[in-house]
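Chemist: Protein chains in written order, with my numbering: chain A, 1 to 409; chain B, 1 to 409.
No lab work stands behind these hints: they were computed from the structure.
Misleading hints may appear alongside valid ones.
You can't tell identical chains apart in this list, so a pair holds if it fits in one copy or across any two.
[What the hints assert, rightly or not] Listed next, the in silico DSS-like pairs over lysine-lysine satisfying Cα-Cα at most 30 angstroms (straight line):
| id | residue 1 | residue 2 |
| --- | --- | --- |
| 1 | 403 | 20 |
| 2 | 59 | 20 |
| 3 | 403 | 9 |
| 4 | 52 | 69 |
| 5 | 52 | 194 |
| 6 | 9 | 20 |
There are 2 protein chains.
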Amino acid sequence: MRDFLPAEKAHRDRLLSTIKATYREHGFDEIETPVVEDSSRLNSGLGGDNEKLAFGILKRGLGEEDFTKAETALDLIDMGLRFDLTVPLARFYATHRGELPAVFRSIQAAPVWRAERPQKGRYRQFVQCDIDVIGEPGLIAEIELIAATLATLDAIGLEGCTVRINDRRILTSMLGLFGFAPETFDSALITIDKLDKVGQEGVLKELAEKGLPTEALATFFRRPMTMEFLTFGERAIQKFTPEGIDEAPVRDLAAIGHGLGELAHRLTFDPFLVRGMGYYTGTIFEVAHPSADYSLGGGGRYDGMIGRFLGSDVAAVGFSLGFERIVDLVETQAEQSPALAVIYDVDVDPAQLLQVKQQQIAAGNRVRLERRPKNLKPLLEQLAAEGFERYAPLTAAGLGDAKALAAPE
Amino acid sequence: MRDFLPAEKAHRDRLLSTIKATYREHGFDEIETPVVEDSSRLNSGLGGDNEKLAFGILKRGLGEEDFTKAETALDLIDMGLRFDLTVPLARFYATHRGELPAVFRSIQAAPVWRAERPQKGRYRQFVQCDIDVIGEPGLIAEIELIAATLATLDAIGLEGCTVRINDRRILTSMLGLFGFAPETFDSALITIDKLDKVGQEGVLKELAEKGLPTEALATFFRRPMTMEFLTFGERAIQKFTPEGIDEAPVRDLAAIGHGLGELAHRLTFDPFLVRGMGYYTGTIFEVAHPSADYSLGGGGRYDGMIGRFLGSDVAAVGFSLGFERIVDLVETQAEQSPALAVIYDVDVDPAQLLQVKQQQIAAGNRVRLERRPKNLKPLLEQLAAEGFERYAPLTAAGLGDAKALAAPE
Chain A
1 MRDFLPAEKA HRDRLLSTIK ATYREHGFDE IETPVVEDSS RLNSGLGGDN EKLAFGILKR
61 GLGEEDFTKA ETALDLIDMG LRFDLTVPLA RFYATHRGEL PAVFRSIQAA PVWRAERPQK
121 GRYRQFVQCD IDVIGEPGLI AEIELIAATL ATLDAIGLEG CTVRINDRRI LTSMLGLFGF
181 APETFDSALI TIDKLDKVGQ EGVLKELAEK GLPTEALATF FRRPMTMEFL TFGERAIQKF
241 TPEGIDEAPV RDLAAIGHGL GELAHRLTFD PFLVRGMGYY TGTIFEVAHP SADYSLGGGG
301 RYDGMIGRFL GSDVAAVGFS LGFERIVDLV ETQAEQSPAL AVIYDVDVDP AQLLQVKQQQ
361 IAAGNRVRLE RRPKNLKPLL EQLAAEGFER YAPLTAAGLG DAKALAAPE
Chain B
1 MRDFLPAEKA HRDRLLSTIK ATYREHGFDE IETPVVEDSS RLNSGLGGDN EKLAFGILKR
61 GLGEEDFTKA ETALDLIDMG LRFDLTVPLA RFYATHRGEL PAVFRSIQAA PVWRAERPQK
121 GRYRQFVQCD IDVIGEPGLI AEIELIAATL ATLDAIGLEG CTVRINDRRI LTSMLGLFGF
181 APETFDSALI TIDKLDKVGQ EGVLKELAEK GLPTEALATF FRRPMTMEFL TFGERAIQKF
241 TPEGIDEAPV RDLAAIGHGL GELAHRLTFD PFLVRGMGYY TGTIFEVAHP SADYSLGGGG
301 RYDGMIGRFL GSDVAAVGFS LGFERIVDLV ETQAEQSPAL AVIYDVDVDP AQLLQVKQQQ
361 IAAGNRVRLE RRPKNLKPLL EQLAAEGFER YAPLTAAGLG DAKALAAPE
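Excised from the complex, chain A in its bound form:
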C-alpha cells in the first residue's frame, strides 16, 4: 500500500475527475458503497479466487475463550474489505432497486483491497473504475459501455485504445467442437487464457499434460490467422460461422459491431479471449493500448449474478478500468489555476501577510507563503519542481513584482 505525495495525488485526482466526468456525459451516475462488506457476502462464491484474498475484519469484543473456540478465520471475522466493486454493486442494487431507474447505469471509482504477495506493479490497495448497465438485456448495453469507455480513454489522452471482444457462449461452443468434454471446459479455459503469455505451443503442451484433446485445436491454430480473420466485422464473422459454432452469440457480436458504427474499427474479435471470472454469461471484452503489453481493463455480461442477492435474475453488463494501470501511461496535465509563491521577510506583520495572501487568492492565484531563507536558490528550485510558475518577495514595504520561476530541466 502506498502514500501519494502532492504531485502524484493531484495527477490521480485530475485523471479520476476526467474519467468520471466523461462517464457522466454518457449517462452514467456515480454511486458509493462502504469499503467494508459483510463476510458472508464477500465469501459467497461470486468473487472467484479473489475471495481468498479478502482482508477480514476481526469481530469486536472477542476474548480468549472465543479465540480458543474458533476453528477457521471465518469464525472470528464478520466483515471484510471489498476485493472488487462488482460484489458490492450487486448488493447495492438488490438493496436499492426501488429507488433506481429501470435501466441503471452506475459509475464506481474507488479503491479495493487484495492480500496479494507484494510484487512490482501490484498493490494491495488499488483503484478500479467500473461502469455497469443493470436491467438492460439488449445489446445496446454493450454498445453504450464500449462507446463510453473508448470516449473516456480518449478524454484522458489514451487515444488509440482497442477493444478485444468475445462471448463465453462462443468459447464453450468451440470447446465442444474441438472435442472437449463439458466437465473439462473450466480447466481447458484456464489454459487457453494463457495464450498471450505462453503462445499456441505452450497452450497445446499444457492441455496435453492435463490429458485433454489437442488435435482439433492444433488444426484450428494452423489455419492462417490473418489479420482479416481477426478484424471485427460482418465478413470475418461469416468466415468464422461455417465451422459449426453456435450462431446466436456470433450474430450478437456482429450486431454490437454494427451498433458501434464508426467505432467498430476499434473492436477486434478474439475467439480465444477468456476473462477469468466465472460469473460471465455472454459477451466479454478487454481494452488495450498500443503502448502497453497488458490490458487496461475489461468486463462482460453477468446476467446471473445480481439474482443471487435479489432472488430474481437481472441483466447486467460491466466494464472495469484498472486505474493503476492507466495512471502511469498518462502524462501529467497542467495545473488549472496559476500558482504564486509569496516569499516573505521574517519581520512582516502576520496581518499584512494574510492580507496579501487573500488579495492574491481573490485575483485567481493559488498562493503559498514561504519564509525567506538565507539561500533562496534551493527554495526556488523546489517551488518550480512543485509546479509554481511565479514568486514575489514580500517585505514590510509591500509585495514586490512577481518573477517567473524556471521550470526544472
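Got chain A; can you put chain B on it based on the hints?
Modeler: Okay, now just chain B, sitting in the frame of chain A:
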C-alpha cells in the same frame, strides 16, 4: 455504514471538490495515505479513546493453533482501519519528510472508521477533511489555518461560521488558579468539556462528585459572562489576564486575532473550550455555524506528536472539518452540464441510437438513453427528480424537439 445513491453522491462530490479547491488556493496540497495502517501505529496511544474503536484486520494464514494461543485481539491482528487522519499524517510526514517542503501544508479528505454503536447521525465510516501545517512553530500557521477554513466554509455556502479559540496552556493555568492539583487536570477537563451539554451547575455537581474543588470555579462562573468578555480582541484579553493566568498563551491568542485582521470578528475566545484529544499542546479551536447546535470541526496545535514517529519534535497545527456534519447543512448545488434524456422507440437501430447520443454529448449535454415505456408520465417524473431538464423523443425518423421537464414540486 451507508450506500450513497447518485443524487447524494453527486452532492457530496461537488462539496468535496469545492472544499479541496479552496484549500488548494490557500496553498495547501492534497495527499493520500492507505486506508489501513499497522496496528502498532494505530495503538501507540496517540489516538486517545479512538484507539479502542479501531477495526482490526485479521492476520492472513492463521490456523486453529494460532487462535488457541492468542490472548488478546492484538495477537491476531497486524493492521487496522484508520480512526482519524492525524495518526496517518504523522506517519506520512515521518516517512516522506525529505521530499516535502520545509513548511508542509497538507489536505486530506478521506474516510475514517470507528466501531461505534450505531446511533442516529453517527456512522461507522465517515469522511473527515483535514488541513495541517507542519514545520511552522509561528502563529502564522494558526492564522493561515483559520483563514483557509473560514474561506472554505464560505465557499460551500456556509457563511456566518465562527471559530471558538482557546489554548491548552490557559486551561491548565486556570485549573491551577482554581485550586485543582495537576494530577486531577485530565479528570477535571473531561468534566469541564461538558459545559455546553450540562451547563455550569452540571459541571460543578460532577466536579464535586469527583471530590474536586469547585469554589473558585463557581466564583468565576458567577462573574458576569458578558458578550464583551467573550468577544475576541485585545480588550477582552486584557480583562482576562489580571486574574493571574499564564500570560504567554493569552498574548498568542491576541496575536492570532491581530493577524486575522478583519476576520478576527469571526473569532470568539472561549476559556472553557477543551477539545478531547490529549495530544494538543497549545492553541485549540472549534468552528460552529448559527444553524447547527454542534461544532462542524476543530483542531489545534500538537507540537509533540510527530516527534513520536520521527524522533525529533516538529511543530504542527491542524484543523479538521467533520464532512458528514456539514454535508446536510449545505444546499444541493445545481448540475454543471445540462442533462438530456433521449427516449427512444424500440425499433430504432442501435447504430442510430449511439450516433444521436454521441452528437448530443458533443453538443455539451449529459445524455441518458431511455426506452419509451407504455406510460411516459412516471418516467418523466423520475427523470425530473434526477435532475434532467429536458427530454427528446427518438424514432426511426430521427430525434424530435427537446421539451422541458417540470422540476418536481
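Chemist: Taking the numbered hints from earlier one at a time, note which ones the structure violates and give those numbers from smallest to largest.
Modeler: Structure breaks hint 2 only.
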